[in-house]
Amino acid sequence: MSSFINTSIGKKFLISITGLFLISFLAVHLTGNLFLLAGQESFNLVAHFMATDRVISFMEPLLAVGFLLHIVFTAYLTITNQFKRPQKFAKVDHRQTSSWPSQNMFVLGGLIFIFLVLHLSNFWYQMQFGEMDYILYGDIWVQDAYSLVTGKFIIWWYVLIYVAGAVFLGLHLLHGFKSAFFSLGLYNKVWGGRLMLIGAIYSIIITVGFSLIPVYFLIGHLTG
Amino acid sequence: MEFKLKIWRQKNARSQGAFVEYFISGVSKEMSFLEMLDYLNKTLIESGDNPVAFEHDCREGICGSCSLYINGRPHGPDDLIATCELRMTKFKSGDTIIVEPWRAKSFPVLRDLIVDRYAFDKIMQAGGFISVNSGAAPEANSIPVSREVADEAFDAAICIGCGACVAACKNSSAMLFVAAKVSQLALLPQGKPEAEKRARAMVAKMDELGFGSCSNTGACEAECPKGISLAHIARLNREFLLAVFKT
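Taken in sequence, the protein lines are chains W and F. Just so it is clear: in the first sequence, position 110 is 239 by the working numbering, and no numbers are missing. Just so it is clear: in the second sequence, position 124 is 175 by the working numbering, and no numbers are missing.
These are calculated hints, taken from the structure and not from any lab test. Any given hint might turn out to be false.
Derived DSSO-like pairs (lysine-lysine); straight-line CA-CA distance at most 27 angstroms [as the list claims (entries may be wrong)]:
#: 1; chain 1: W; residue 1: Lys220; chain 2: F; residue 2: Lys141
#: 2; chain 1: F; residue 1: Lys143; chain 2: F; residue 2: Lys277
#: 3; chain 1: F; residue 1: Lys221; chain 2: W; residue 2: Lys220
#: 4; chain 1: W; residue 1: Lys318; chain 2: F; residue 2: Lys248
#: 5; chain 1: F; residue 1: Lys62; chain 2: W; residue 2: Lys217
#: 6; chain 1: W; residue 1: Lys140; chain 2: F; residue 2: Lys243
#: 7; chain 1: F; residue 1: Lys156; chain 2: F; residue 2: Lys93
#: 8; chain 1: F; residue 1: Lys57; chain 2: W; residue 2: Lys217
#: 9; chain 1: W; residue 1: Lys220; chain 2: F; residue 2: Lys57
#: 10; chain 1: W; residue 1: Lys217; chain 2: F; residue 2: Lys55
All of these numbers come straight from a predicted model, not from anything done at the bench.
So here's chain F without its partners, still in its complex pose (with noise of 0.2 angstroms):
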């Protein structure tokens, strides 16, 4: 397969990019996106020039690092996957590909395709844990959780922080992270009792980094590589007004 490419290429943060052409034959069916992006830095590396800069880890749609924006969408053309998963069978043979970095006034470019995503961790850090003294490990049986709160609270916790959720939504908004990491405690019980402070903190972090509103268009979820709900939006909704209108 062969393919001509257009990559986002940027020296550093605090230079100008610019989308740079290459044509890559060769190409494997078999190989992933990421392989055909390594096979492309090696046929760089081998003419004297620069790779291009990408982030990536275990390559096996979990730990969230990937991050690349093809052809228009987050993750590329397909559904519930992370990028190192998308396979080369998605496209034809002569295809152009644009591939772009996440696109965020919070996610500014480092370079070439990297972007610094430390404002999820500062969400986190805003309220994404739970601070209450549980003292020694209860007996597990003495706290039950049913099937339906359990799945629903992993459904949450299945984020992996990627941000395509911010890449997606036409507001650069983050509420789905936001929601899945404030839902995945909110449901259990060890989270329950700070989950209204936690939503208003976590929110109010989001707000101050400069993510924007959420519209409620759904691209996020659509996008989503582990399909995370938007009822994880509305129960974030639900907790920060619970939270406002209390106090």
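One chain only, chain W, in its complex shape (with noise of 0.2 angstroms):
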């Protein structure tokens, strides 16, 4: 196994593995945002099977390793592979042969990293060991996540921050997804245009879901 790793097509396969598994989190992530826009009871109750459900607490740690090796491989590789070429170009011309998101995935990936660091601090560090709000739906308590997020999601600024965070994931995804696929070698004359297809609209399904929520809860405060 280490020998597989060591070689380039390995961590590659790796990536690509921890890259779909992530991609999956984030429909499963965006579905439940969407609660936010059902109302305070349904979303504090989607928040609270998520943080008590047995299957979702097994895959967190597995969704932090993830992330991870994702980081950390890609990190290994994109810095080696520096290395590859001591004299560069005096001029390099990408514009017409390679997307501009394809050439810059680390650049990429380092904002979402930032944005993932302010994300996981806001929210779920708060949700885990802040001071939280309860309400009693029933006969069950459950923490008021709602009024947390919702609560950023009037200040502009932070706004500004989480749309620009869908932005970099939704490029982020553009060249990803299908290079996922591509890495694993499910990938032929047929196939590449769909998986470039469907890529393309799962980027933007989830660039413009993310961007949506803080959007609508920034224009509801501002029109009263």
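Both chains come to you apart, so use the hints to assemble them.
So this is what it looks like as structure tokens:
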């Protein structure tokens, strides 16, 4: 196994598998977030389910490991790749040959990582270790995650950061989605175009979905 | 036509190179890029200067010898051509043209615009062949190959090994070259039995020789003078992963 991971394709395999795992997590995360639009009780009950469900609790550390492996292996490959061309070209023209996101995946990943740290400290840390209000629904006391989230989404610069984070994520996925299948060998001339289309649609859904929620609450706050 | 040329000059593999500017006039529109360099060299020799060293052989896009990085692109500002097929009509009189050698750790510069591409030969020696003892030549029709498979194998086999894929890649990856060679053999009956072993050996040699990893940007496919598809890289990934997981 170690000799496999030591190969360039082995590392790309690991980056792809963890990338697809994170992509599937994003779909679950967005679905949960969309309950914010359904109101306080709906979102709080979904957040309570997410926090207490055994399967999700089991997946949480796996998600952290997935993030860590994706970041560590990508950083390792990106850094080592820098040494493969000791003398740089005086002029490089990639405009006609490859997309901007594909040439800047590490930069986009870095920006997403900064956003992730902010996001986790805003919400995940607060819900795990911070002071939270509780509301009684039926016979269970539930954390008021809705107020925590909507309280942040009425601050314009928070909304701006979240929209920017969603755009960076969308651009990262635009290349990452098809690239993951590619590195796994699941690509041919027929499926190449289809995977690009599915990846583009998925990236748009993720960007619009995650942007829409903070913008909705900010507009609601501004218009009273 | 007249041009300002900024050409990489380097005495040998150990010396430090630098760009040298040349002004050239009287270039005909009908000239190829290499003929323009021949013309420059003639003027340099006549003035007692050293001519610019660059590789060339067939001058019809077959041999893969020519390897110039022109104005930020391997083989210059045209698609599906090698440098020898690039015409001066692709430039405007008065343009500044920057000419560099391929730049990669695995392709050290030997002199001026000539690089050592022996690394590609070493990759081929690691597995780019068929070692199956097939005995006497069988009757051709006894091993049927569909037209689609034959065409795909041929699309890979037209790789001329020029190294433009390495130059185009931001990571100096040789995946398109290795993929073309692996595909060409893996698709046909004679090469299939060793397909996975071949993929492992050639990838291991590619990594050992200091080429970078593939980021699937597609720049190699876009700059390949023969238009070799990225689908061949996916096949290489597939063959490699199958080989690893079967053992």
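Cross-check of the supplied hints:
1. Distance hint between Lys220(W) and Lys141(F) is fulfilled; the C-alpha atoms sit about 18 angstroms from each other, no more than 27 angstroms.
2. This hinted pair checks out: Lys143(F) and Lys277(F) have alpha carbons roughly 26 angstroms apart, not beyond 27 angstroms.
3. Between the alpha carbons of Lys221(F) and Lys220(W) the distance comes to roughly 12 angstroms, so the proposed pair stays at or under 27 angstroms and holds.
4. Using a Cα cut-off of 27 angstroms, the hinted pair Lys318(W) and Lys248(F) holds, with the two alpha carbons roughly 24 angstroms apart.
5. Taking the CA atoms of Lys62(F) and Lys217(W), the gap is about 18 angstroms. The hint holds against a cut of 27 angstroms.
6. Among the hinted pairs, Lys140(W) with Lys243(F) is consistent with the structure: their alpha-carbon atoms are about 26 angstroms apart, no more than 27 angstroms.
7. Our distance criterion of 27 angstroms between C-alpha atoms is broken by Lys156(F) and Lys93(F), whose separation comes to about 32 angstroms.
8. The suggested pairing of Lys57(F) with Lys217(W) holds, with an alpha-carbon distance near 16 angstroms, which does not exceed 27 angstroms.
9. Distance hint between Lys220(W) and Lys57(F) is fulfilled; the C-alpha atoms sit about 11 angstroms from each other, no more than 27 angstroms.
10. Proximity of Lys217(W) to Lys55(F) is assessed by CA-CA distance (about 22 angstroms); at most 27 angstroms being required, the pair is judged to hold.
Hint violations for this structure: number 7 only, all remaining hints satisfied.
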